[in-house]
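Chemist: Residue numbers (the numbering used here), protein chains in the order written: chain A, 1 to 845; chain B, 1 to 121.
A couple of the hints might just be wrong.
[To be verified] Taking lysine-lysine and the BS3-like style, the derived pairs with C-alpha atoms no more than 27 Å apart in a straight line are:
1) K78/B - K516/A
2) K78/B - K560/A
3) K12/B - K804/A
4) K765/A - K321/A
5) K3/A - K81/A
6) K321/A - K353/A
7) K12/B - K323/A
8) K78/B - K672/A
9) K765/A - K699/A
10) K466/A - K56/A
11) K3/A - K121/A
[Stated by the list, open to error] Just some of the chain B residues that point at chain A, by a computed CB distance under 7 Å:
12) N56
13) P75
14) P113
It is worth saying that the hints were derived from the structure and are not from the lab. Glycine included, C-beta positions come from ideal geometry on N, C-alpha and C.
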Amino acid sequence: MNKLNLVVIGNGMVGHHFLEQLHEAGLTAQFNVTVIGEERHIAYDRVHLSEYFQGKGAAELALGTAEQYATWGYRLLLGVKATAIDPESHTVSLADGSRLPWDKLVLATGSFPFVPPIPGKDRPGCLVYRTLEDLDAIREAAASANTGVVVGGGLLGLEAANALRGLNLDTAVVEFAPRLMPAQVDNEGGELLREKIQALGVQVLTGRATQHIEDGENANHRMVFQDGKMLETDLIVFSAGIRPRDELARACGLTLCERGGVDVDDFCRTSHPDILAIGEVAAWRNCVFGLVAPGYQMAKVAVSTLGGGDKRFTGADMSTKLKLLGVDVGAIGDAQATQNAGAKVYRYLDQIKQHYRKMVVSADGRRLLGAMLVGDNSTYDTLMQYYRNRMDLPEQAESLILPASAGKAPALGMDALPDSAIICSCHNVSKGDIVGCIQGGCSSLAEVKDKTRAATGCGGCASQLKSLVDHQMAAMGMAVSTAICEHFNHTRQELEHIIRAEGIRSFSELRDRHGKGLGCDICKPTVGNILASAWNGYVLDEGRAALQDTNDAFLANMQKDGTFSVVPRIAGGEITPDKLIVIGEVARDFGLYTKLTGGQRIDLFGARLNQLPAIWKRLTDAGFETGQAYGKSVRTVKSCVGSTWCRYGVGDSVKLAIDLENRYKGIRSPHKLKFAVSGCTRECAEAQSKDFGVIATEKGWNLYVAGNGGMRPRHADLFAQDLDTETLIRTIDRLMIFYIRTADRLQRTARWLENLEGGLEYLRKVILNDSLGINADLDRQMEQLVASFHCEWQATLENPESLKRFRQTINDDGDDPEILFVPERGQIRPASESERAGRIPLVAL
Amino acid sequence: MSEHSSWISVGKRGDLVPGAGVGARVGQQQIAIFWLEESPEQLYATANLCPFAGVNIIARGIVGDIGGEPVVASPLHKEHFSLLDGRCFEHPEVSLPIWQARLQGDDLQVREPEIMQLLVS
Ligand code: SRM
Ligand SMILES: Cc1cc2nc3c(=O)[nH]c(=O)nc-3n(C[C@H](O)[C@H](O)[C@H](O)COP(=O)(O)OP(=O)(O)OC[C@H]3O[C@@H](n4cnc5c(N)ncnc54)[C@H](O)[C@@H]3O)c2cc1C
Ligand code: SF4
Ligand code: FES
Chain A
1 MNKLNLVVIG
11 NGMVGHHFLE
21 QLHEAGLTAQ
31 FNVTVIGEER
41 HIAYDRVHLS
51 EYFQGKGAAE
61 LALGTAEQYA
71 TWGYRLLLGV
81 KATAIDPESH
91 TVSLADGSRL
101 PWDKLVLATG
111 SFPFVPPIPG
121 KDRPGCLVYR
131 TLEDLDAIRE
141 AAASANTGVV
151 VGGGLLGLEA
161 ANALRGLNLD
171 TAVVEFAPRL
181 MPAQVDNEGG
191 ELLREKIQAL
201 GVQVLTGRAT
211 QHIEDGENAN
221 HRMVFQDGKM
231 LETDLIVFSA
241 GIRPRDELAR
251 ACGLTLCERG
261 GVDVDDFCRT
271 SHPDILAIGE
281 VAAWRNCVFG
291 LVAPGYQMAK
301 VAVSTLGGGD
311 KRFTGADMST
321 KLKLLGVDVG
331 AIGDAQATQN
341 AGAKVYRYLD
351 QIKQHYRKMV
361 VSADGRRLLG
371 AMLVGDNSTY
381 DTLMQYYRNR
391 MDLPEQAESL
401 ILPASAGKAP
411 ALGMDALPDS
421 AIICSCHNVS
431 KGDIVGCIQG
441 GCSSLAEVKD
451 KTRAATGCGG
461 CASQLKSLVD
471 HQMAAMGMAV
481 STAICEHFNH
491 TRQELEHIIR
501 AEGIRSFSEL
511 RDRHGKGLGC
521 DICKPTVGNI
531 LASAWNGYVL
541 DEGRAALQDT
551 NDAFLANMQK
561 DGTFSVVPRI
571 AGGEITPDKL
581 IVIGEVARDF
591 GLYTKLTGGQ
601 RIDLFGARLN
611 QLPAIWKRLT
621 DAGFETGQAY
631 GKSVRTVKSC
641 VGSTWCRYGV
651 GDSVKLAIDL
661 ENRYKGIRSP
671 HKLKFAVSGC
681 TRECAEAQSK
691 DFGVIATEKG
701 WNLYVAGNGG
711 MRPRHADLFA
721 QDLDTETLIR
731 TIDRLMIFYI
741 RTADRLQRTA
751 RWLENLEGGL
761 EYLRKVILND
771 SLGINADLDR
781 QMEQLVASFH
791 CEWQATLENP
801 ESLKRFRQTI
811 NDDGDDPEIL
821 FVPERGQIRP
831 ASESERAGRI
841 PLVAL
Chain B
1 MSEHSSWISV
11 GKRGDLVPGA
21 GVGARVGQQQ
31 IAIFWLEESP
41 EQLYATANLC
51 PFAGVNIIAR
61 GIVGDIGGEP
71 VVASPLHKEH
81 FSLLDGRCFE
91 HPEVSLPIWQ
101 ARLQGDDLQV
111 REPEIMQLLV
121 S
C-alpha cells in the first residue's frame with residue numbers, strides 16, 4: 001500500500017499528543033509523517049512552563065524525544081516555520097525555502113500572546129510569556145532589573161507575576177477589568193484574591209488601561225494610564241490573553257470563526273476536506289479552548305478521523321483548579337451565573353480566613369450549574385463531581401460550601417460516582433476505566449497511572465485519583481499498600497515512629513511485635529538504618545550485620561567484580577600533604593586503583609574482602625576515619641576555598657564545611673545526604689544542587705534545601721537567609737532529624753520535599769516557627785546522635801567477632817583466586833569477561 | 001561415586017553468622033552457607049558464584065523469605081534465589097546450585113545433594 005504524506009504543522013502540546021495517539025492507534029503504517037515546529041525545542045509541557053524558573057530544564061519539560069519520534073518513523077523539522085499552505089497543489093512552504101507535499105495536513109499551531117496595541121509596546125524589555133525562549137528573555141532582562149509589571153490579571157498574568165517575584169523583582173499586576181481574573185471570578189472573589197495577592201507583596205492595579213509606554217525617570221519604562229496616573233518599571237510582561245495562530249489558515253482561505261480560530265466540525269475537519277485543526281488554533285462552534293485537556297480530546301478525534309473512525313469532539317469543560325501565587329482558585333461551569341436563566345446562588349464569605357465559596361444551582365435547586373472558590377479548593381473535587389455528573393444535590397446543599405464545623409459536609413463518597421464520571425479530563429479517563437484497571441490486576445497508584453495515564457497531564461486530578469484508587473482497592477479487599485514489604489504492614493515513617501516510641505533495639509524484636517517472616521532485602525536494611533539513626537549503635541553489632549545492605553555490611557562499596565572500594569573521610573575536601581602521602585602509600589602497597597571522586601575525596605578500588613581490615617588499620621593509624629561512602633548517611637560537605645584565599649569570598653566556607661561534616665558524619669538517614677558550602681554567590685561549591693547547601697552572604701549564611709544531582713536533578717530551595725552560624729546549625733539539625741523521621745525509604749530530600757504536604761512553607765513553619773512543637777525533641781535526638789559518633793572502621797578493627805566476617809571463605813584465609821585484574825594506564829582494573837574466560841577455569845567439578 | 005555423597009568438613013559452628021551467610025571452599029569451588037536461626041531447617045548452602053555477576057558473592061547477600069520460602073538476594077543486583085531449590089525468582093530459567101549443610105556437634109559440614117550426585121555419577 002502506498003503511504004500517504006501527513007504533515008503536522010506545530011509541535012506543541014497538542015501536536016505532540018496527536019503524534020502519540022497516531023502511533024498508539026497503529027496509523028503510522030498508513031502515513032509518512034513530517035512534523036514542523038517553529039520552536040527550537042521538541043514539544044514541551046507548556047502547562048508547567050513556569051517550573052523552568054524553578055530550575056527545571058528544557059529536557060525535563062520535554063514531552064518526547066527526537067529518538068522516540070524517529071522510532072515511530074516521524075520526520076521532525078525543528079526551528080523552521082511553515083510560511084504558506086497551498087491547498088490546490090497540496091503543498092506547504094517552509095521558511096527555509098523548501099516545500100513539502102501532503103495528502104493530509106494537521107494544523108496544531110496553538111496561539112500567540114495578545115499584546116494590546118499600546119504605543120511603546122515594542123520597546124526593549126517589553127516581553128511575553130509563552131515559550132521557553134520567552135522565559136530566557138525574561139530571565140535575562142530581570143538580571144539587570146529591580147521592578148517588573150505584568151499587563152493582564154488573568155490566569156497567565158498571575159502566573160507570570162509569580163515568576164517575576166521569584167526573580168526577585170518588585171512586581172505589580174495591571175488589569176484593565178475592575179477585578180483580577182475577570183473570566184473566572186466575580187467581584188467578591190476578585191476582591192479577596194486582590195487582598196491575598198497584595199499580602200504577598202505583589203501590587204495590584206485594576207481598572208487601568210495603559211495608554212502608552214515611554215522612557216522612565218527612575219526605571220527603564222514609564223507606563224501612562226488612561227487616568228493620567230503613571231507607573232515606572234524596568235520590565236513589562238504582556239499577558240493580556242491569547243489569540244489563535246490562524247494566519248496560515250486565513251491566507252489559504254480556510255473558514256475562520258468570527259473571533260478567530262480555524263472553524264472545525266465535530267471531527268476536527270476544517271473547511272478543506274484534507275486539512276484538520278486541533279488545539280488552541282481550532283475553533284469549535286465559535287469557541288476556542290485555552291486549555292490543554294480539550295486540545296488532547298481534539299487530538300484523539302483527529303486521529304480517529306484520519307483512521308476512518310467516527311469519534312466526535314463534543315465540547316469541553318473549562319473548569320479549572322489552580323494555585324496562583326499560593327492562592328487556591330477554582331472555577332466550575334457557569335461560575336458567574338450568566339449562562340443559565342433563573343439560576344440561583346449560594347455564597348459563603350469568610351474575611352478572616354479569606355475563603356470565598358459560591359455555588360450556582362438550577363432554579364429548582366437540584367443541580368449544580370457552576371461554582372467558584374477562592375482561598376480554599378478543598379471542596380473542588382466534590383463540587384466538580386456533582387457538576388460534571390449532573391447528580392442531584394443533597395438535602396442541605398449549602399453544607400457543600402459551609403465550613404466543616406457548621407455541620408459535617410456530606411462528603412461525596414467514591415461509591416456515589418457513576419462509572420462514567422470523568423476523573424482525568426486530560427486523558428479522558430473515567431472512574432470505570434480506573435476501576436477496571438484495578439480489577440484487571442493493577443495494585444498500586446503508580447501502576448494505574450502508568451496504564452491509564454490518568455494524572456499525567458496537568459496533574460489537577462491527582463488527589464482525586466489517589467482517593468479513588470485507595471477506595472477501590474480497599475473495596476476489593478486489597479491492602480492499600482503503604483507497606484514497605486510483605487513482612488511489615490507499615491511505612492518507613494511508621495516503623496521509625498514505632499522503633500523510637502517502643503525503644504526497639506533489634507530487627508527480631510520489631511518483627512515479633514509488628515511484622516512477620518524472616519524479613520528481606522527491603523525491610524532488613526530499612527530497619528537497620530532506622531535503628532542506627534534512632535540509637536546510633538555500631539552497625540555490625542548484635543546481629544545487625546545481617547541487616548545491612550551490600551555496602552554497609554562490609555563498610556565498603558562492593559564493585560562489579562566483588563572487590564571493594566575504600567574511601568577515607570576528607571572533610572570539606574581539605575587534606576594535609578602528609579595524609580595525602582599516606583593514602584598514596586596505602587594504595588601503592590595494596591596495589592589499589594586510585595581516583596579522585598566527584599565528592600572532593602579519594603577512592604581506592606580493587607580491595608579484596610580479606611584485605612579491608614589491613615587497609616583500614618593503616619588508614620586509621622594515620623588518623624583517617626571512615627568516609628562512609630557506603631552508607632545512607634552524610635557523604636561529603638563539598639567546599640570552595642572561601643574567604644581565606646579567594647578574593648571574592650565573604651565567608652569561611654572551608655571551616656564551615658569541615659565543621660558541618662564533622663558534626664553530621666556517621667548519622668544514618670533514609671538516603672544519602674550531600675552538603676556543600678560556597679564562600680560567596682559565585683557558588684563554586686555548587687551548594688544549590690545539594691540536600692543542604694550553604695552560601696555565605698555579607699550578613700551570614702543562606703541555607704538551601706532539597707537540591708539533587710543524580711537521576712532527576714533538582715535546584716535547591718532557599719530556606720532561610722542571613723543566618724548566623726549557630727542558627728544555621730540549629731536549623732540544619734532540625735531539618736535533618738525531621739527528614740530522618742518522615743522520609744520514605746531511599747527518598748532523597750528533593751523527593752521528600754516534593755511529596756511533603758504543604759511543601760516548603762509547611763517545612764518552614766515546622767522548623768522555623770515550631771508549629772508542631774517538636775523542635776526541642778528534634779534537638780535532643782540530634783545532640784544524642786552527634787555525641788555518640790564513632791568511626792565504624794575503628795570499632796570493627798577492635799571487634800574480633802566482626803573481623804571474622806572479612807574472610808572470603810571460612811576455611812581459607814587467602815584471596816579469592818577468581819578475582820583477576822589486568823593493568824591499564826599504570827594501574828589495575830577488573831579483567832573483562834573475555835579476559836577472564838581465557839585465563840581461569842570457572843567451575844571445576 | 002561415593003566421594004560425592006560423603007560430607008566434607010569446612011569449618012566450625014562458631015564460623016557461622018546468625019541470619020547471614022559465610023563462604024567456604026570445597027576444592028576449587030566456593031559455596032555459601034546460610035544460618036537462618038529462625039527457619040525450620042536452619043542451615044542452607046548454595047554455590048557462592050552469582051550466575052548473573054559471575055563473581056563469588058552470594059554468601060554476602062541478605063537472606064529472608066518470599067511468601068515464606070527462604071531466599072537470598074544477590075548483593076550486586078538483588079536477584080532472589082530460593083534456598084530450597086536455587087531457582088531465581090526474577091529469571092526462572094536460571095538457578096543457583098544447591099548444596100546440603102549440617103552441623104555434627106561443632107563440625108560444620110557440606111555435601112552436594114543427591115540429585116547432583118546422580119548427574120555426576
Ligand atoms: C565514587 C563516585 C564517582 C566518582 O568516581 O567520582 C560515585 C560512585 C558511586 N555512586 Fe555516586 N559517586 C560519586 C559522586 C556522586 C555525585 C556527585 C557529588 O556528590 O557531588 C552524584 C550526584 C549528586 C547527588 O547525589 O545529588 C552522585 C549520584 C549518585 C546516585 C544518584 C542519586 C540520585 O539521587 O539520583 C547514585 C545511586 C543511588 O544512590 O541510589 C549513586 C551511587 C553511586 C555508587 C554508590 C553506586 C554503587 O552502589 O556502587 C557508586 C559507588 C562507587 C564506590 O565504590 O565508591 N551516585 N554520585 C563519587 C563519590 C563521591 C564521594 O567522594 O563520596
Ligand atoms: C504559562 C502557561 C501556563 C499554562 N497553564 C495551563 C494550565 O494550568 N492548564 C491548562 O489546561 N492549560 C494551561 N496553559 C495552556 C496550554 O499550555 C495550552 O492550552 C496548550 O499548550 C495548547 O497546545 P497547542 O499544541 O494547541 O499549542 P502550543 O503548545 O502553543 O503549540 C503550538 C506550537 O506550534 C508552533 N507553531 C505555530 N505556528 C507555526 C508555524 N507556522 N510553523 C511551525 N510551527 C508553528 C508554535 O511555535 C508552538 O510550538 C498554559 C499556558 C501557558 C503559556
Ligand atoms: S555515574 Fe554511574 S557509573 Fe559513574 S560512579 Fe556514579 S553510579 Fe557509578
Ligand atoms: S486532569 Fe489533567 S492530568 Fe488528569
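Chemist: All hints are to be evaluated individually against the structure, with a verdict given for each.
Modeler: Hints, verified against the model:
| no. | hint | in the structure |
| --- | --- | --- |
| 1 | K78/B - K516/A | holds, 21 Å |
| 2 | K78/B - K560/A | holds, 13 Å |
| 3 | K12/B - K804/A | holds, 12 Å |
| 4 | K765/A - K321/A | holds, 25 Å |
| 5 | K3/A - K81/A | holds, 25 Å |
| 6 | K321/A - K353/A | holds, 19 Å |
| 7 | K12/B - K323/A | violated, 67 Å |
| 8 | K78/B - K672/A | holds, 20 Å |
| 9 | K765/A - K699/A | holds, 23 Å |
| 10 | K466/A - K56/A | holds, 25 Å |
| 11 | K3/A - K121/A | violated, 48 Å |
| 12 | N56 | holds, 6 Å |
| 13 | P75 | holds, 4 Å |
| 14 | P113 | violated, 14 Å |
The structure is inconsistent with the numbered hints 7, 11 and 14, although it conforms to all the rest.
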